[in-house]
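*Asks:* Residue numbers (the numbering used here), protein chains in the order written: chain A, 1 to 279; chain B, 280 to 1191.
Treat the hints with caution; some may be incorrect.
[As the list claims (entries may be wrong)] On the chain B side, residues computed to face chain A include the following (Cβ under 8 Å):
{"id": "1", "residue": "Ala287"}
{"id": "2", "residue": "Arg631"}
{"id": "3", "residue": "Glu632"}
Hint data in this document are derived by calculation from the structure and do not stem from the laboratory.
The beta-carbon is built from N, C-alpha and C at its ideal position, and this holds for glycine as well.
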Amino acid sequence: MLVGERDPGAGAAVSCEDLVKVFRSATGETHALRGIGLELLSGVLTVVAGPSGSGKSSLLALLGARDRPSAGRLHILGSDVGHASVGELRGLRRRRIGFVPQRSSDGVFPHLRALDQLRQVAAWRGAGDPLEALAAVGLSHREGHRPGTLSGGEQQRLAVALALVGGPALVVADEPTAELDHANADLVMDALLAAAAGGSAVVISSHDDRVTHRADRLLRLRHGVLSTETSGRRSAAAVIDATGRLQLPPELLGLFPDRRVVVEADGDGVRLRRPEVGP
Amino acid sequence: MTGAAAHALWWAAPARLLRAPGWFGLMVVAATLLVASVVAPPLFASTARATALESALDATASNPYGPESGDLRVAWNAVLTPEADAGVLDRLDALTAYGPPVLGAAGTAQTPSVQPVAVAGDQQEVSVLWYRDGAVQALADDLGGDPEADGVWLAADVADRLGLAVGDRVRIGLFAMLSESRTLAPTVLLGTYETAPGSSLPEQLAGLPDADRWYLPTYPDRPGLETPLAIAARPTFDRLVLEVGEAPLFTADLRLDPDVTPDSASRASDEIAAFGKDAYDQSTLLSTQLRSGEPDAAEVSLSPGLPQLVEDADTTATSARGQVRPYAIGGQALAALLLVAAWVVVGLNRRREQLLGSGVGLRPLELATLGALEVAPVCLLAFPAGVGLAGLGILTAGPPDAAGLTISSDDLVRGGVAGLAALLLVAGTAAATALATDRLGQLSRLGRRRRSLPWGMALLAGTAVVTGSVVTLDTEDRSGSPLTMLFPLLVAATVALLVARGTGWLRGRLRLPSRPGSPRWLAGRRTGPVVREVTGLTAVVALALGLFGYTLTVSRGVDQGVADKTAALVGARTTYAVADDLRGSERSVSTPPVDGTTVVWGRGVSLPPTFGEGPLMAIDTRTFAGVADWGASGELDPARALLPRLDVETRGIPVILAGDTDLAVGDEATMDFSSEFSVPIKVIGVVDAFPGSEASNGTVTVVASRRMLFPLLPPTVDPQLPGASATDAGAFASLVWSNDPPATLRAAFERAGLATDGEVRTSEQARIVNELVASTWVASYVLALGGVVLVLALGAGIVLVLRLAARDTVSDVVLRRMGYDAGQLARARAWEVGYAAATAIVAAALATAVLVLAPSSIDALAGIPPVSRPRPGVPEVLALFGTVGLLVLLALLSGTALARRRPAAEVLRAGG
Chain A
1 MLVGERDPGA GAAVSCEDLV KVFRSATGET HALRGIGLEL LSGVLTVVAG
51 PSGSGKSSLL ALLGARDRPS AGRLHILGSD VGHASVGELR GLRRRRIGFV
101 PQRSSDGVFP HLRALDQLRQ VAAWRGAGDP LEALAAVGLS HREGHRPGTL
151 SGGEQQRLAV ALALVGGPAL VVADEPTAEL DHANADLVMD ALLAAAAGGS
201 AVVISSHDDR VTHRADRLLR LRHGVLSTET SGRRSAAAVI DATGRLQLPP
251 ELLGLFPDRR VVVEADGDGV RLRRPEVGP
Chain B
280 MTGAAAHALW WAAPARLLRA PGWFGLMVVA ATLLVASVVA PPLFASTARA
330 TALESALDAT ASNPYGPESG DLRVAWNAVL TPEADAGVLD RLDALTAYGP
380 PVLGAAGTAQ TPSVQPVAVA GDQQEVSVLW YRDGAVQALA DDLGGDPEAD
430 GVWLAADVAD RLGLAVGDRV RIGLFAMLSE SRTLAPTVLL GTYETAPGSS
480 LPEQLAGLPD ADRWYLPTYP DRPGLETPLA IAARPTFDRL VLEVGEAPLF
530 TADLRLDPDV TPDSASRASD EIAAFGKDAY DQSTLLSTQL RSGEPDAAEV
580 SLSPGLPQLV EDADTTATSA RGQVRPYAIG GQALAALLLV AAWVVVGLNR
630 RREQLLGSGV GLRPLELATL GALEVAPVCL LAFPAGVGLA GLGILTAGPP
680 DAAGLTISSD DLVRGGVAGL AALLLVAGTA AATALATDRL GQLSRLGRRR
730 RSLPWGMALL AGTAVVTGSV VTLDTEDRSG SPLTMLFPLL VAATVALLVA
780 RGTGWLRGRL RLPSRPGSPR WLAGRRTGPV VREVTGLTAV VALALGLFGY
830 TLTVSRGVDQ GVADKTAALV GARTTYAVAD DLRGSERSVS TPPVDGTTVV
880 WGRGVSLPPT FGEGPLMAID TRTFAGVADW GASGELDPAR ALLPRLDVET
930 RGIPVILAGD TDLAVGDEAT MDFSSEFSVP IKVIGVVDAF PGSEASNGTV
980 TVVASRRMLF PLLPPTVDPQ LPGASATDAG AFASLVWSND PPATLRAAFE
1030 RAGLATDGEV RTSEQARIVN ELVASTWVAS YVLALGGVVL VLALGAGIVL
1080 VLRLAARDTV SDVVLRRMGY DAGQLARARA WEVGYAAATA IVAAALATAV
1130 LVLAPSSIDA LAGIPPVSRP RPGVPEVLAL FGTVGLLVLL ALLSGTALAR
1180 RRPAAEVLRA GG
């Protein structure tokens, strides 16, 4: 098991095993996640990266207790999401999880002023004055504005501030810097790192190198499966799931055009080679 | 942190909708309609009651005091002491809804053998003591004299014959002709007066209001001839009647307040009953006062007409309330549906916010409360608006007594409760939406299946069950059943659903030819996440249009049904019962007696072996068709077409049978006249109803031509011959039917030298007495309900337009970059709305056709044939097409406006 470097002694805010998410539609089923196993520790900022359609948003929706897994086990802050009651999950979301949706406009109340939104959420989380959260994302000067008068980037920063206010135990952000310029993206990352430093387990999805480089831990997702994990400055390690599956990176996959491989133990390591072709 | 800041969502909620005027307006309209739908039915009933009372009072306005009048006359037969007299009048003066009592008095001892007389010397003239409040004063004012003086005023011709001059002594009293004895008391002639032509009243009094209804003594053996009056002031009258032993009759006339309300009339009725009871209850002050009378204790008599009029009004109002109830419930259900739908639509536009609310852990109860807070201003506004709208609706479409419309505190309470109900409905909808949002995630577990209710099948099954129930009910019971409104609702919904799904299926398989790239081509290829929503909204528009069309056909059907039934009840606008006058001076029949009339002879006959008599109408076929009322729907037209055949020679007298009979066309039978003689008949037609066929009791009315029938009757029975008298047992009654009002007909009779005192029946009276008038008011109510349904149709159509526009927000930007202009995009959307509207109109037409052809469930008075049924007309078709045209126009205009409104960058960043 790989863990983040920061505060490794902290407990796991999230743990999941063989996590599967299947979406049904009129045209069939889509397997968004196919057996994810991981733990997210408090005090660690984890970034989930991967190409579009790799299952990042599905994974984050599950981690934010906004959805239930189709199969597998998912524990968030001590609650078994698969079996928890609607009320229990609601309580989790209300008091202990901050969530930033992919679209910034989905994460703010359109009719409330920025500061009022923060105060409302702070009240639910039993927190004090939320001005600090607003300042952390550089929006102190916009506290009296409603989302309709904010730019897309400002709305996204406001959504991040809402997720961070009150220091929730788990912060889940789906591409929180997608609409931001460099300076503001750094500002938001600073705030998220500060939240992690404050003891929150922070997990975000992103394509942005500026974000992935600052992560304590980087998980790469491909085709609904965790492919590699990088912690701190160590090199990326491939992930073997609970059933022993290992996902090869695309550049290596090309070495095995017939999708067959011979696995051989080689001292401490493992050697993969193409099977010999018969006569 | 302040408390307000910590609860910003709550504090902001009440003003939330105000920031979106469109949605706010939609919610206000929906809530207002709900409040109005709750307040309107009781307002309708109370207005119906007021109108019924007013109609009844109008119909009896000129009737004499008594049981046929709302005005009250209380009479007693003794001279009371001044204190008792004042007490009785005070008690009467306190009666609710009546004006002050006007006291009159007259001697009533006059009989064929006793004459009231004025005597001067040896001369004696008939003259009866008479008093009326203000009469002596009026004479004194005009002719001079002291109104307070002791004495009498005599008619000038009486005084002349007595040789009297003003100031002379005169004796007043009674003359017993058998014993030739006189009982006289002396007094003075205060003055003389000229009588009005044809009246015993002085000229000064005859023209006063109500003078034609004053009590004036008449000669016992010549009821039409009034006895000359000896008019005295009240003290003189009291003294003289007691001294001469005259039998006084005091009358207190009280006129009903013209603006009387049903409630005050009802109170007045109770007070009148209490007055009569107290008069004979010896423990009461009134009884004590009456016992002070001289020469004997006074006996009170009163025969008020008001209680019966109030009861009739209540019966009519009850009937109206009963008839309107199913439509009222339907209206309330529709209004509630509209409110819920409006809130759901508001919610659809806040889908992301709902997810956000769920995401941040807001509980359904909290979301419900937020919803309630949000619509609280809407409901506050809807309360007065709904009450006002209900009042306005009743004024414009309810019973015609606008003056009777009063909004009571009960109505306000109902309005408040409806406003609260609107609040709770929205809160409940918000809670249900939140619960549904929260539970969506539970469905993703592998192995679990989404369980959705089979709404379509449930609707079909429900419609089948309700249709079966409606068909098995008696026609008369159907209208009072809650199924009356549920049945068309379900039928329209089923048809709408089937047509919407069917056309959706067809559109997926059939592509109408269109030029690639054209707006119509684009419209045919646009799909998206709102396809099901568009189908649903199309079904809602179709349902609403179907119901709108149906309400129009119901309104027309009820109105025409009332006209048909009235025709069956009376036969013509006015019918006048005459005795033998038709024979005129030559004692030969005069048919018709005056122009524009026809004569109908009637009596009872039986058709053996059927037991019991039914009415026979012998008509003059040449004039009958032009005068008779044939209703409005055409139901009676088949009978009209048969009229010429009544004069065709056959083996028996050709007859038309109207009503429920076992005889069929072509049957030959016998018509029996009280077992005295019989006539063979041949049935040439059997119809449900015929003009006047319901005027008399009996299950079957026989209609025959007088030309064919009368020659076969004994001469003593033939009403055209001089030998037959209308007063003989079994004689034919003669009625003159006319299209003119009674006054015109009476004037024509006078010109023709015919008696004008026959019994008159009018179609207006028949409508009131038989509660048909209530049905006409209900028809108006249904029409107003149709207006509400039209609002629902337009509202659903506008939502459809907006949802399509919302769907296309992003794609419009892309398409504009591909070269489409705003006008083309708007036309494409207009085509889509046009498809939906065409679907809706087909469904509405089908639903209306099904409902019109289904067994009638709208006839509350099915006991009176013919049965009322929904009737379609050209206005319905025009209204449906007009509505659809308006929707397409709205789609075009709003599409153009919306496509230009939002900057492309903003649209793309927000993802629509």
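*Asks:* Each hint needs a verdict: does it hold in this structure or not?
*Replies:* Here's how the hints hold up against the structure:
Interface restraint check: Ala287/B against chain A, minimum CB-CB distance 4 Å, threshold 8 Å, status holds. A distance limit of 8 Å between C-beta atoms decides the matter here; for Arg631/B the minimum to chain A is near 5 Å, and the interface restraint holds. Satisfaction of the interface hint for Glu632/B is found here, the shortest Cβ-Cβ separation to chain A being roughly 7 Å, below the 8 Å cut-off.
In terms of the numbered hints stated before, the structure departs from none.
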